[in-house]
Structure formats: structure tokens, C-alpha cells
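Here is how the chains run, residue by residue.
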Amino acid sequence: MSQPNPIGYDPKARVHLGLFYTGVGPQIVWTDPDAAPHTHIDTFVRVIQTLERGLFDAFFLGEGLRVRENRGRVHALDVAGRPDAITQLSALAATTTRIGLVATQNTTYNYPADLARRLASLDLVSAGRAGWNIVTTDNAWTGENFRHGGWLAHDRRYERAGEFVEAARALWASWDTGAVATSGDDESWLRPGGARSVERHTDLVRLRATATLPRSRQIRPVLFQAGDSPGGRDLAARHADVVFSANTTYDKAVAYARDIRTRLAGYGRAPDSLRILPGTSVVLGDTEAQARERAAWIRREQTSGPRAIAFLEQYWGKDLSGYDPDGPLPDIDPTPDELDPSRGTIPIELRTGKLAVIARWRELAERRKLSIRDLAIEVAPGHDLFVGTPGQVADEWVHYVRTRAVDGFNIVPQLIPGSVDEIVDKLVPELQERGAYRTAYEGSTLREHLDLPPLEEPA
Amino acid sequence: MNRIPSGCRLHLAVEADGDGAHPASWRVSGRPPAAVLDVPALRDTIAYAEAAGFALVTFADSPLPPGTGRDAAGRIEAGVRAAYLSTLTDRIGLAPTLHTTTTEPFHLATQLASLDHASRGRAAWVVGATNSAEALATIGGTGPYEPDRLRGEVSDVIEVARCLWDSWQDDAIIRDPTTGRFLDPDRVHHVNFTGGSFSVVGPLITPRPPQGQVVVIAADTLGVTGQVDIALVGGGDLTDVTQRARRVREDDVPLVFAEVEVLLDATEPAAERLAALDRASPWGATDRLRHVGSTDGLTTLLRQLAAVVDGVRLHPAVLTVDLPVLAERVLPALAADRLHVAPVAGATLRATLGLPQPSNRFVDAAGAATTS
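As you go down the protein sequences, you meet chains E and U in turn. One point on numbering: in the numbering used here, the residue at position 415 of the first sequence is 415, and numbering is uninterrupted. One point on numbering: in the numbering used here, the residue at position 130 of the second sequence is 130, and numbering is uninterrupted.
Read the hints as simulated data drawn from the structure, not as lab findings. Be aware that one or more of the hints could be misleading.
As the list claims (entries may be wrong) - Over 12 Å on every C-beta distance to chain E, these chain U residues come out as not near it, computed from the model:
no., residue
1, Gly67
2, Gly74
3, His107
4, Arg181
5, Ser197
6, Gly202
7, Thr206
8, Arg208
9, Gly212
10, Gln227
11, Arg247
12, Ala271
13, Val344
What the hints assert, rightly or not - Taking lysine to any residue pairs in the SDA-like style, the calculated list, with each CA pair at most 25 Å apart, reads:
no., chain 1, residue 1, chain 2, residue 2
14, E, Lys12, E, Ser273
15, E, Lys318, U, Val201
16, E, Lys12, E, Lys369
17, E, Lys12, E, Trp30
18, E, Lys318, U, Asp184
19, E, Lys318, U, Thr68
20, E, Lys12, E, Arg261
21, E, Lys318, U, Gly152
By construction, the Cβ of each residue, glycine as well, lies at the ideal position given by its N, Cα and C atoms.
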């Protein structure tokens, strides 16, 4: 943190916050005695209203189009069960007035005109608060739930995503401003020629459609992108208004910001036309020691004995239920085939070479005398955390945003509603005290909350 | 099987798309034409229908604009409209039209299950089967489907949605700290559905809807009445409706609703209102009963229909005019006859309609396997 300002310094920079309500996976500690039922509409309403009180930019829903499995059976150890994102956000639009509503939606298993229309509908019912987190999927296992299943070659999924987004944007821009009648006496409801149909006929995107909706108060939904591969970064630089990233530690964040802003310039876009919000989690305490203790408890709960075994099973490709999670690593050899994709998306770097990964783990466990569970706590993927007193975390975040490493964070809660309550009640006031967080919503649309440059509205 | 209609009760549904069923309704709605693209109008209409005591509101939809531009060419997607209203209402059923032909069945089932959760058990689905070349072109398809192929497609999508709604048992979430299990994996099922043109492995990503099964509504003309909870029957006159109701009851459909378009005497007589509207855009013939006239005449018609069907879906010609007349004059008259009872706060749509809570096919199958 002592490096000179590598990418500028902005003393007025403010922290933008989103909350990523995951709904599946090991992050959420369901064994927390104060846990609320995470699938219940009341929990969603309570969480989003707390976030709005905390002046958050946005509430995000993720997407997973197949229930995760472990060796052919439904994975039983993590929370699961989530709503359709656009449906749920439409319901929540009626219970809130300011906070942004971001739906993660796949470009592989949706039809462009259908999805563009549902997103535009959310944008209208929320008066300009909708966002779309653009994701792609290429695994045939998820595709088994769809008419058009595992049809898309990996190297073409971002190509499809790009064409998909362009078609959606064309539909969102297809109504002229002021094309709808202002009185029942007008000749026609829609001025003739006031809406143009959109056609695409490539091998990846085919459609002919006419939008049924005009532009929203923020013109169109805000576009988010999370892919970290070169294809994903390029899609972000071309189309996105906001990027999520996994580059949370400071040095990685700086390198990422530099890379993405270079790509932006390549597309003729200004540095401030794209907000960078890496994912992270926060554990607070009244003292630093207490915060560390809570963080360790959360990590241990997230890595229960059965979860540690299931984690290794994904790599070993074998039933390891006979092994003691508190004992040494399995003495049997893993199968030679690659990772089972059914536990969710596997990062590209883990798709091959699992035997080398396992060899490294064996060496690590041997050297540090780690049990199966200890090893999983050490190596199972988790979010980079900020742990400390509210003041400590606020200081760190202010440094991140003022040195332009990030524009804010997309927070993954571990406790629902506990994490949400403590961030809003304890961390937000500390950020406000440092002049790095709004004290009231100044705008009404998601685009305005993010301080993105206004879109030019074509005539 | 010729069942007697649910007797002494006429369930009331209302279609609330746009400004009303008449294509020129936007000219006389008393609000700006663009109001149908914003939520205050939607909120007001449904709050009014709920207060009036309707059991169910339906939302027409299409992947295409509703009109060519002379009349309304814009609308919010129906699933989004219904979801937006779910947290603002507490007793009226919400039934978006979702099309089997232009959506992914898995998404459709997820959206409806989610609507049922958000509304605490008040979701229904009007099965859409848009089949024009223009509609199918929105998803890059070519069409239309031949009638048999279309019927098969619609039937498959209903069947897979029903399987997916059962794919999580009601007691699938166990939160058992001793075994570390959040779910019981034996209570979350692959559906392994294979239809004529697609297959779905499942399970759904969403837990079982509070109603177990979302209430499924389809027109008798789709040929799938054996799979639905409510069959909608059209017909040019009472005799026609009676015959068609009798025919669908042979499929053991639990409820039959007649489709009735209404344009009523208001501050001006119905005939004059209709003439003025038709001068702007003629109200073309449809496959539905149409009552243009007095509220007494409509009440009489509805009393006659109560002997034939279990409910009606009313299509007000102009929502801002005809819905208040229905609420103030027609529903009270039916209530006085005990033909109409308003739903109670917090009731599921199934409870309001007297439909039983369905069992779960996967539990039933397991039970059958154990006993055999």
C-alpha cells in the first residue's frame, strides 16, 4: 500500500457498494443461529430494504441454471434454491425506490429478443434501476436443462455474447423518443416509423423483432460483466458500464485497473465510463482480534468436515466418504480424468492439470501436518476478505478508491442478514465520516448512483 | 364425466392488459396513452380489481407488439408485471401469459415458481402458444408449427413445468447441523424429461412453489385441457359455451371458465360508447361471448353462466370505465346472490378457487415403489 499513486489519485473518490446475494454455494453460513431462510421473499425484502437504508448502489442476483451436484447426486451441503432473477427483482422493485436491481443472465441459454424485453421491462417498472450482469456458459452439463444445450464451442461463447449484447442494445434503442401519442385524439398511438425492427442473421444470433418498450429513465439497463479471461475483459471494455472482478488484493486490483483502462482506450472510451467493483466479503469486529476470530469461525463453518470431503471428491473423482475429515489426505490415487463440472463453473486454469494441483496439496499437507479439513480451509476457493474494525476496513477502502485501484466493492455476505446489518450499521457510517460515501441518494437511476456519464439519447 | 359446476359460486377473473380489450380503449382511458408503459396505472388497476373482490387477474402478452401502431404498440412483459404486483397485493391471483413456443421451458418454469414464492402462493399461468411466423422469428425460428406439432410442443412444455415444480419436495431443505446437510439429496429430483423436440434434466433451481403446482390456465382450443387446472372456453352464444364446457369436462379439467368481453352502460349508454370506439378502430370479432349493454343484462348472463361453468374471465373494453362499473354494480349483485365471494387476505389462489393442494409425483412414485 506504500507504492506511489500508480494510476492517479482522486481525493474526492467515493466508494460504490453492491451486495451480491448468492443464494447457492458455500459462502453463506446456514449454520449461523441467526440465519434467515434465504429463499423466502421476506428475507429478500428485509435485506434489500436494509441496503437501501445503507444507500447501496445495487442489489445483485446471481445465476446458476443447474443445481450443483457432487458425483451425480444433488450437492447437499451448501445452501441452494434461488429465484429467477428478473422475476424476483421485479417483485423487489415494488418494495424499494432507489436501489439498483441487477440480474445475472446468461447469453448462452437465452433468446436475445426475449431477454432484452424482460430486462427493459424491469428497467421500466423500477423507473430506471435495472442492470444486467452478462455471463456466458459453455458447459454441456448446464445445457442439459435447455432446448439449446451444449451447442456453443468454448472459444465462441464471447463472440455470441458480443452479438447478443449488440442485438439487445439495438432493441433498446429502437424506439424514437417521444414517439408515443400524448392524447387520445392523436392519429395513432405510435408515430409511424417511431419504432424500428431489429434483424440479425449470423450463425450465432438470429432474430427479427420489434421492441414493445421505449427507453427507460436511464435509457437502457446498466451493463455489468464479470469474465476475467481475455475474452471477458474485452467484452467488458467494449460493452460494460461496470466490471466485477476477482482482483481484490491491492496489487492485483491495480494491475487489473491498468489493463482494463488500456483496453477501454482501445475502444475509444473514457476511463470513467467503466466502474470496477471487485467481489469481496467483510468481517467486522469491535477490535481487530475479535474480527479475526469471527473470520476464522466463518471460514471453519464454510468448510465443514463433509464439505472438505466433497471438495476433495471433486478433484479425486472418487467416493471419499470413508475418510476422516480430521485425518490425513486420502491415501488412494485420484482418477486421471479432469474435474467434474457439476459443482458449478470451474475457472479455466483449473480445467486441466488437476494431478499437479493434488501433488502440490499433498506436499503442503505433509509439510504443515494438515488434515483434510485444514487443507480445504487453506486451499478451497474463497473470496478475498476485509477483516478488521469498521474504521480499519473503511481506511483501506478509501485508499483503494482514492488511488483508483477500484471504484468500490460487490460484497458477498456470509451471514444473512447478519453481514448486511453490520455493514450498513457500522461500516457505512465510517465511510461517510471519511467523506467517501454518499449521505443521501442524489440520483434516482442506477446509472446515476454509479456516477456513470449520461448516455447520449439519439433523437 | 359430466360434473356439475362447482355450484353456487362463480369465480371471477379479469384480463388487465393495456387499457382494455377494445383496440381504441387508449383514446378514452382518461390517462396519457403512454401510461400503460408505467407502473402507476398498473398498480391502480390491480389495487382496484383486488379491492373489488376479483379472484384472479390475467395479463395478455406476446413477443410482438400488441398492435401495429395505430393502436397501442407497447407493453411491459407480463411476467414482470405480475411479479411487480406480487408484493403489493395479498389476495388476488396473478396470471401472466407466457408463451410455450418462444421461451425456454426451464426459464418459464423457474419464472412461474418464483412468482408463486414472491406472491406467497398466488401465481397462475395462462398458457400461450403464439405460432405466427413473426412471433417465432423473434427467437430465430421459422414457423408456424403444424397443428399436431404445436399441440405436442404446448403439451410438453406444460408437462415439464409440472415435473420441475415437483422436483424439490416440500421438505427438501433440512438444515441438519449434525450431518452438515442443508438439503436432503433424496428429496431433490432429476426430472429427466424427454419431449418431442427438447429434453430437460432438472431439477429446478427454485424450491417447490408454495401452491405445490402453479395454477395452469389454457384455452380449450389448445387441445391440452387434460393437463390444466382451468380451461377457458369461448363461444359465440350461451349454447355454444355450454357445449364447449361440456366437452372439456370430459377431460376431467377441475375448473371451466367462460370468456366474456364486456362493454357496459356508464355515463353514456354502451351502444354509443361502442359506436364511438369502433369509429376509431373497429372491435373485430373474437371467439368470446361479448356483452355490450346494461349491467342488469350482464348480471343475468353471468347467472346463466353459473349453471354451466365454474367461473368467468371478464375482458373489460375500457379498464378505467368498465372495471369500476363491474365493481360497483355487477359484483355486488352477484355477491347478493351468493354467487360471488371475495378472496380473503393471505389465501393462496388454490384455496380461493377451491383447488386442492396437489401431491408430489416424486413422493407418490416413491410411495408406490415402497408399497409394491
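A quick look at each hint next to the structure:
1. Gly67: Given a closest Cβ separation of 7 Å, the condition is violated.
2. Gly74: Gly74 of chain U is in fact no farther than 12 Å from some Cβ atom of chain E, at 5 Å.
3. His107: Violated: least Cβ distance 7 Å, not greater than 12 Å.
4. Arg181: violated, 4 Å
5. Ser197: violated, 7 Å
6. Gly202: violated, 7 Å
7. Thr206: violated, 6 Å
8. Arg208: Incorrect as stated: the minimum Cβ-Cβ distance to chain E is 10 Å, not above 12 Å.
9. Gly212: About 16 Å separates Gly212 of chain U from the closest Cβ of chain E, which puts it past 12 Å; holds.
10. Gln227: Holds, because the least Cβ-Cβ distance between Gln227 of chain U and chain E comes to about 19 Å, which exceeds 12 Å.
11. Arg247: About 32 Å separates Arg247 of chain U from the closest Cβ of chain E, which puts it past 12 Å; holds.
12. Ala271: Non-interface label stands for Ala271 of chain U: nearest chain E Cβ at 20 Å, farther than 12 Å.
13. Val344: Its Cβ never comes within 12 Å of chain E, the nearest being 20 Å, so this holds.
14. E:Lys12 to E:Ser273: holds, 17 Å
15. E:Lys318 to U:Val201: The hint holds at about 23 Å.
16. E:Lys12 to E:Lys369: It is violated: about 48 Å lies between the C-alpha atoms, which goes past 25 Å.
17. E:Lys12 to E:Trp30: Violated, because 39 Å separates the two Cα atoms, which is more than 25 Å.
18. E:Lys318 to U:Asp184: Judged against 25 Å, a Cα distance of about 21 Å means the pair holds.
19. E:Lys318 to U:Thr68: Measuring from Cα to Cα gives roughly 60 Å; hence the hint is violated.
20. E:Lys12 to E:Arg261: holds, 20 Å
21. E:Lys318 to U:Gly152: violated, 41 Å
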